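Chains A, B, C and D are the protein sequences, given in the same order.
At position 91 of the first sequence the residue is numbered 148 (the numbering used here), and the sequence of numbers has no breaks.
At position 55 of the second sequence the residue is numbered 112 (the numbering used here), and the sequence of numbers has no breaks.
At position 169 of the third sequence the residue is numbered 226 (the numbering used here), and the sequence of numbers has no breaks.
At position 103 of the fourth sequence the residue is numbered 160 (the numbering used here), and the sequence of numbers has no breaks.
If you are wondering where the hints come from, they were derived from the structure by calculation, not from laboratory data.
Bear in mind the structure is a predicted one, so any value in this text is a computation, not a measurement.
Among the hints, a few may not be true.
What the hints assert, rightly or not - BS3-like, lysine-lysine: derived pairs with alpha carbons at most 27 Å apart:
no.	chain 1	residue 1	chain 2	residue 2
1	A	K61	D	K196
2	A	K60	D	K60
3	A	K60	B	K127
4	C	K60	B	K127
5	B	K61	A	K203
6	C	K127	B	K61
7	D	K84	A	K60
8	D	K60	B	K61
9	B	K84	D	K84
10	B	K60	A	K127
11	D	K203	C	K196
12	C	K203	C	K61
13	A	K61	B	K61
14	D	K61	C	K60
15	B	K196	C	K127
16	A	K160	D	K196
17	C	K127	D	K60
Number of protein chains: 4
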Amino acid sequence: MCKKNRLEAFSDGVLAIIITIMVLEIKVPHGENFETLRPLLPVFICYVLSFVYVGIYWNNHHHMLHAARKVDSRVLWANLHLLFWLSLLPFATGWMGENHFAKLPVVLYGCVLLMAAIAYWILVRAFIHADGPDSVLAKAIGVDRKGNWSIILYVFAIPLAFYQELFAGALYITVAILWLIPDQRIERTLS
Amino acid sequence: MCKKNRLEAFSDGVLAIIITIMVLEIKVPHGENFETLRPLLPVFICYVLSFVYVGIYWNNHHHMLHAARKVDSRVLWANLHLLFWLSLLPFATGWMGENHFAKLPVVLYGCVLLMAAIAYWILVRAFIHADGPDSVLAKAIGVDRKGNWSIILYVFAIPLAFYQELFAGALYITVAILWLIPDQRIERTLS
Amino acid sequence: MCKKNRLEAFSDGVLAIIITIMVLEIKVPHGENFETLRPLLPVFICYVLSFVYVGIYWNNHHHMLHAARKVDSRVLWANLHLLFWLSLLPFATGWMGENHFAKLPVVLYGCVLLMAAIAYWILVRAFIHADGPDSVLAKAIGVDRKGNWSIILYVFAIPLAFYQELFAGALYITVAILWLIPDQRIERTLS
Amino acid sequence: MCKKNRLEAFSDGVLAIIITIMVLEIKVPHGENFETLRPLLPVFICYVLSFVYVGIYWNNHHHMLHAARKVDSRVLWANLHLLFWLSLLPFATGWMGENHFAKLPVVLYGCVLLMAAIAYWILVRAFIHADGPDSVLAKAIGVDRKGNWSIILYVFAIPLAFYQELFAGALYITVAILWLIPDQRIERTLS
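The task is simple: from the sequences and hints, build the whole structure.
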């Protein structure tokens, strides 16, 4: 395997496990009726949101590596840095779900999302640094509007969560929807 | 890695973890005699059934991707959607096993199976959309009889579970057996 | 990826997770002195034994797939069947470790090993059936002495465990040592 | 897949799961305020340290396999031996974190790091034995200064932990920082 393939394989492994570990937070209840399921509803909603976020990161990561040509040590560590913040998502998801969207858990969840977004931004720079400013990747990324907007929205949502936790949650969902509209920049440039 | 390979690798990772996480629901008992194992029997039966189901999905996924040629954003998300429902299987399995096939858990298990079957149906459409209606894949799938029958049987089994939970369980097992007869359509068309 | 690669990737995923899930049975104790570690010793010994066993299966699987040429549905399901029994190893390991090598857990552990050995035997036949009796693989396997001896020793050890659990445990360790001497049949035939 | 690729894939799988399993030790607290997070701080610090260590091993493993040419049974088992010690890292991390850097857990953590470093040293010898003393890999490794220094520092830190656990912890961090400066020997020789 070339370096790029192994980076993909390792990242896929970590992302696959993060997604599946989150489902462990939905603990099997001891009763068998609807009442025992009801407290799991916020946990389930958080799981859906985090699943979508990990899916978004996997998709974007996938597209970026498709365009990238070179992988150096800087890229390897920038990638591990991204995986570090994403690995905290199961904890943040579980805490937010178990406390039914209380203030502090919503703040922490936002912080993890913000740090992951910043880590992704750093990873993009590391790839462009490795491939050079005239590379396919650099052109494909261009001005990363969605990435910048996400960071701005998180920075706005986190302090807001201290006062209006549900509105902050709505902002997190907004960012996810923003990304669900597929990122056609790289696809367009490459084809 | 091309897009198709990475889709396979990620899906394999998630499916491998789902299978292995289900085994965690079979909690190590504290005693050391047969009596401590007996309450684990329904959990074990559920584990076997779910293991077979994940195996079936892995096999079908494997065959479909072997025939598929193109992977676009629609396919990526349809695949994540399928993985989402399958990721709920460990929870549904554990709940059904711990409550010894009680009504509601059997209903929920059926719903997860139904949603996964629908998600698989959507994924097949997404692949055919990407490859075109005259592609090898489209011909290999043809009229997906087994897929359609599964959905019909689930839709029938779920309301039934409210009255006859064991009969519903028997229907889930029937669908699994239906699929265990290997899917020779794609193999035949390709060879 | 060709079928063979994907079979390898999926099996590697499941085996990697089985190995790592077993370590979860070594629960972090609440004290901080040697006394809190002592009850973990049998759990640790069981972990080492099971780690070695999974390592042996991974090595043999690796060598066999290196020699194999064709993968059909029969092979896919024989492989899933092997993974099923291996997936029960963490449970059997945890139960045997927590009960300090009590009778019944030692019997169950032996049964899981026996079923895995039989499943491996079936997988070898499935591969030979796919490749043909004159294939490189069929010649490389020849008479699978180690495989046959393992099954014989397990069959002998399991009833023994009811009377002499430690002697049965010693037999399991013997089989592991037998396999640790690397399987040079396939390597020799191929090179 | 050739033998090397499968070794990479399996190791990546195990390392990916080790990283993600460690995060499970950061248990979701039941309260929703800052007070409930505070006892998690040492657990979090341990997680960061262990994450960095696994990242270092993954990076070095990655570079070494990039230079290696041959994989034999000796290499396969040396690699499994390394993975065995790394698989104990989640346990050692959790124990050290939960006991707020108490003596014995810090000693045990150091022992696991030491054994992993020795296992890595053995793996390097196994690769050089497989490739021959004039191979690219043997030249690229040369005198493994960092590896040797790590082992010396661990040997020094472990007895120290009985008297000055925090100083021992600082030594573990020092070794990690030592490795974070990327290993340019292999990269330089290859390019």
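Results of checking the hints against the structure:
Restraint check for K61/A and K196/D: the C-alpha separation of about 24 Å stays at or below 27 Å, so the hint holds. With a C-alpha separation of about 16 Å, the suggested pairing of K60/A with K60/D holds against the 27 Å cut-off. For the proposed pair K60/A and K127/B, the alpha carbon gap of about 24 Å is at most 27 Å, so the pair holds. Between K60/C and K127/B the alpha-carbon distance is near 17 Å, which keeps this suggested pair within the 27 Å criterion.
Of the pairs offered as hints, the one joining K61/B and K203/A holds, with about 25 Å between alpha carbons and a cut-off of 27 Å not exceeded. Taken as a hint, the K127/C and K61/B pair is honoured in the structure, with Cα atoms around 21 Å apart against an allowance of 27 Å. Of the pairs offered as hints, the one joining K84/D and K60/A is violated, with about 34 Å between alpha carbons and a cut-off of 27 Å exceeded. Proposed proximity of K60/D and K61/B is supported: the alpha carbons are some 22 Å apart, at most 27 Å.
Between K84/B and K84/D the alpha-carbon distance is near 19 Å, which keeps this suggested pair within the 27 Å criterion. With a CA separation close to 17 Å, the supplied pair K60/B and K127/A stays within the 27 Å bound. Our distance criterion of 27 Å between C-alpha atoms is broken by K203/D and K196/C, whose separation comes to about 46 Å. Taking the CA atoms of K203/C and K61/C, the gap is near 25 Å; set against the 27 Å cutoff, the hint holds.
With a C-alpha separation of about 15 Å, the suggested pair K61/A and K61/B falls inside the 27 Å cut-off, and the hint holds. Taking the CA atoms of K61/D and K60/C, the gap is near 18 Å; set against the 27 Å cutoff, the hint holds. For the hint pairing K196/B with K127/C, the CA-to-CA distance comes to about 24 Å; that is within 27 Å, so the pair holds. Restraint check for K160/A and K196/D: not satisfied, since their Cα atoms lie roughly 57 Å apart, outside the 27 Å limit.
For the given pair, K127/C sits about 17 Å from K60/D by alpha-carbon distance, which is consistent with the 27 Å threshold.
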